[in-house]
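Number of protein chains: 2
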Amino acid sequence: MKGWSEMLPRSRFAPLPPFVREVAGGVTSPKGFLAVGVASGVKKRAKLDLGVLMSERPCVSAATFTSNAAAAAPVRLTRETADCGHLRAVVVNAGNANACTGKQGLADAARMRLLAADRLRLPVEQVAVASTGLIGVHLPMDKIEPGIAAAAGAVAGGSGAASAEAFATAIRTTDKHAKYGALEVETGEGAVRLGFAAKGCGMISPNMATMLCFVTCDAVVGESAWTDLMRAAVVGSFNRITVDGQESTNDMVLGFCNGASGVAPGDEGLSRLGEALQAALLSLAVSIVADGEGSTRTMRLSVTGASDTTRAEAVARAVANSPLVKTAFYGRDANWGRIMQAIGQALGRDGHQALPARIAYEDVVIVEKGQPAALDAVQQGRLAEIMHQPEIDLTVALNGPGAVSTVYFSDLTHDYVTLNAEYST
Amino acid sequence: MKGWSEMLPRSRFAPLPPFVREVAGGVTSPKGFLAVGVASGVKKRAKLDLGVLMSERPCVSAATFTSNAAAAAPVRLTRETADCGHLRAVVVNAGNANACTGKQGLADAARMRLLAADRLRLPVEQVAVASTGLIGVHLPMDKIEPGIAAAAGAVAGGSGAASAEAFATAIRTTDKHAKYGALEVETGEGAVRLGFAAKGCGMISPNMATMLCFVTCDAVVGESAWTDLMRAAVVGSFNRITVDGQESTNDMVLGFCNGASGVAPGDEGLSRLGEALQAALLSLAVSIVADGEGSTRTMRLSVTGASDTTRAEAVARAVANSPLVKTAFYGRDANWGRIMQAIGQALGRDGHQALPARIAYEDVVIVEKGQPAALDAVQQGRLAEIMHQPEIDLTVALNGPGAVSTVYFSDLTHDYVTLNAEYST
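Protein sequence lines, in the order shown, are assigned to chains W and H. Each residue of the first sequence is one higher than the last, beginning at 1 in the working numbering. Each residue of the second sequence is one higher than the last, beginning at 1 in the working numbering.
Do not rely on the hints blindly, as some may be mistaken.
[Claimed, not checked] Once the Cα atoms are required to be at most 25 Å apart in a straight line, the calculated BS3-like pairs of lysine-lysine come out as:
no.	chain 1	residue 1	chain 2	residue 2
1	H	K143	H	K47
2	H	K44	W	K103
3	W	K176	W	K369
4	W	K369	H	K176
5	W	K176	W	K47
6	H	K143	H	K44
[To be verified] Where chain H lies over chain W, by a calculated footprint (3+ residues, C-beta under 8 Å):
no.	segment
7	59–73
8	96–107
9	249–258
10	275–281
11	363–373
[What the hints assert, rightly or not] Cβ-to-Cβ under 8 Å is the rule here; a few derived chain W residues that face chain H:
no.	residue
12	F13
13	P17
14	P323
15	W336
16	L347
17	R349
18	T413
19	A421
20	E422
Calculated directly from the structure, the hints in this document are not laboratory data. Remember, it's a predicted structure, so these values are computed and weren't measured experimentally. All C-beta atoms, glycine included, are put in the ideal place defined by N, C-alpha and C.
Starting from the given sequences, assemble the full structure and let the hints guide the process.
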């Protein structure tokens, strides 16, 4: 089975800490987790499209959901009726998002959960449901039900320790590759493992909604500590990326921690575990941006010197979501005027004192005090090189007290338009 | 000289009221206004690129400026140091925005104003300055200065009554056609005239910033009434359009009203004048969207039933600026799932009660109570027709008390990406 570095493109934006070691596999690499992926027939040509993941023992868990008001049925069901601190399993289908499907959709999601719980011999409130795919179409339950029976039956039968790849494959929609991996963390008290499976290639792809991520861990960690670790990692990773600024109806991140390693990290160990988790989720998040629809490069934008965090965030998002900024990167054009315009729009008229700003592309300062810097021939050459890198580091230093924000974004390309215009409902 | 309907594409979104008559010309059609356009050499190939507009007599005036914190030098100079209630003239250059140009930029804008005021024999505070074009490059004053001398000299010499077209042409950048016209309004107390010249084809085009609009009127109207009329017309037109969601550093709308007709409209007449002004600015605004970069169609989106105006506005903007919604219109795909997703994102989690919504494309209700309506073959056919119209009317009815918002937007196309990616600084 492949591991972390085969399945995720290396990004210099997300280095792994020194106390972390890559191991083969994915969500089943930590002890006590089973997973399978099956072909239910929702996707054509017998592609894997339905997965079940379960911990063999009780878990603490942490869940993050989309804040979209049009949240899909599986999100609403799980958020509103599951015991999100003690989930032990999740059933996921791809190819149909079960979103904008009304009462029937909620009933279908509940049926998915009931079937899975039944086969897994778990109380329904310990089973989460996730879906990704077409919006506004009812689930083909005649395919989903046998699929769940097969998948959950296999897991309940004890198979699935080696099926992390199948699970990660089953949750894909238009992702160019499966996104999964596993890491071993040296906590000081002993080694524990983290496993991951994620999907996403736009906040919402050609009507194929969603970013999903499932995390497993075999450390002995309390519920509130695990929730804190997961929340911090999500805030620093999935909440910091944008492909097209569009938040899906189905986004969900679930983290399961079952203690099966018997290793209970101390304060220092917990801090290492958190650091590993954050690095891993950031790596997955950057991988989603790199796999963004039509994307040809990934930018990291750091905004500093804002008057407060809200402003820093607004400036970062305004630049990252500007179609003019994004097309300029596609054109390999260091068009700082568009960055300045987006900053100015985000700040509004009373933000004038926060300008002039400094703008740098990697180590080349292109704007100083709000005005173009005089670049010599060497700097011009360096800038041209930078614009052809697959990853570009940008900094915008405002003229204020110091609040900061970082976002990761992709460019806007002909392929993005093609992918999203040529799709037909 | 051409008039209103030759220069502006007819839009059913912006019908003219019955008491309004099209007349030939533009900003010089109302009495007592002179305008010229000259080729200063800033644009290549002797294209017109510098204009001066003046009222022969004292005016009341109203000015609206971009709220972008990175406002360009001419905006800052005019906003901060002119008598914006009594402007009599404006000098405009195209090809260079004089934005992000620091102290030198402010000095250059002040020099433009001083030269124009000198030739026009007006106090500097009665002269506005506007620029549009490249960001971050200092004005070539060696070309601008003789240009102003020639243009303002001609106006001061009394020529320019027939040069509305030249003026409207001189303020263009990448606009596909000049946008100007004139209307006669029957006020009840007598006929008065309105003249217009506008430019814009993106909130910010391939680094060619800006929406500019200049309005002239020969009615006898007081300063505060004129300001009210202009403000209402701008709010209902230019503030309601989006091509790419990007607000320029140079946007400016100036309205001059000089009383030269001798006709003082009463209450009913003022109301007619306001209605005519609003219809005209909306027509210009829709024309800017239709001329939006790469645009192939114009959508009017009306959001109703929101809990308050801010929410209505947020939902309308979220849909209108969603790249997924915009690419779907380019692909002639009635992809309501993307509209629902954008609505949900704008409302956020606590907006759930505002959904389910009703979504209609023209007369075809495609979503009812948040779920896809069952369309028969006739409705399917009608929907396919609608998706090929040059103008499409959309309604989103939320499930709330009733606040409304309307925006006009263009689609997102391969040509938009080409125009904005292939431009090189």
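These are the hints, each one checked on the structure:
1. H/K143 to H/K47: holds, 13 Å
2. H/K44 to W/K103: Distance ~63 Å between H/K44 and W/K103 Cα, so the pair is violated.
3. W/K176 to W/K369: violated, 42 Å
4. W/K369 to H/K176: This hinted pair is violated, its Cα atoms lying about 35 Å apart.
5. W/K176 to W/K47: Status holds; Cα separation ~14 Å.
6. H/K143 to H/K44: holds, 12 Å
7. 59–73: Coverage by chain H holds for the segment 59–73 of chain W (5 residues, Cβ < 8 Å).
8. 96–107: With 4 residues closer than 8 Å to chain H, the segment 96–107 of chain W meets the three-residue bar; holds.
9. 249–258: violated (count 1)
10. 275–281: As far as the segment 275–281 of chain W goes, the hint is violated, because 0 residues have Cβ atoms under 8 Å from chain H.
11. 363–373: holds (count 5)
12. F13: Violated, because the Cβ-Cβ distance from W/F13 to chain H comes to roughly 23 Å (cut-off 8 Å).
13. P17: violated, 34 Å
14. P323: holds, 5 Å
15. W336: holds, 7 Å
16. L347: holds, 4 Å
17. R349: holds, 4 Å
18. T413: Holds, about 6 Å.
19. A421: Check passed: Cβ of W/A421 comes within 3 Å of chain H, closer than 8 Å.
20. E422: Hint holds; W/E422 Cβ to chain H Cβ min 6 Å, cut 8 Å.
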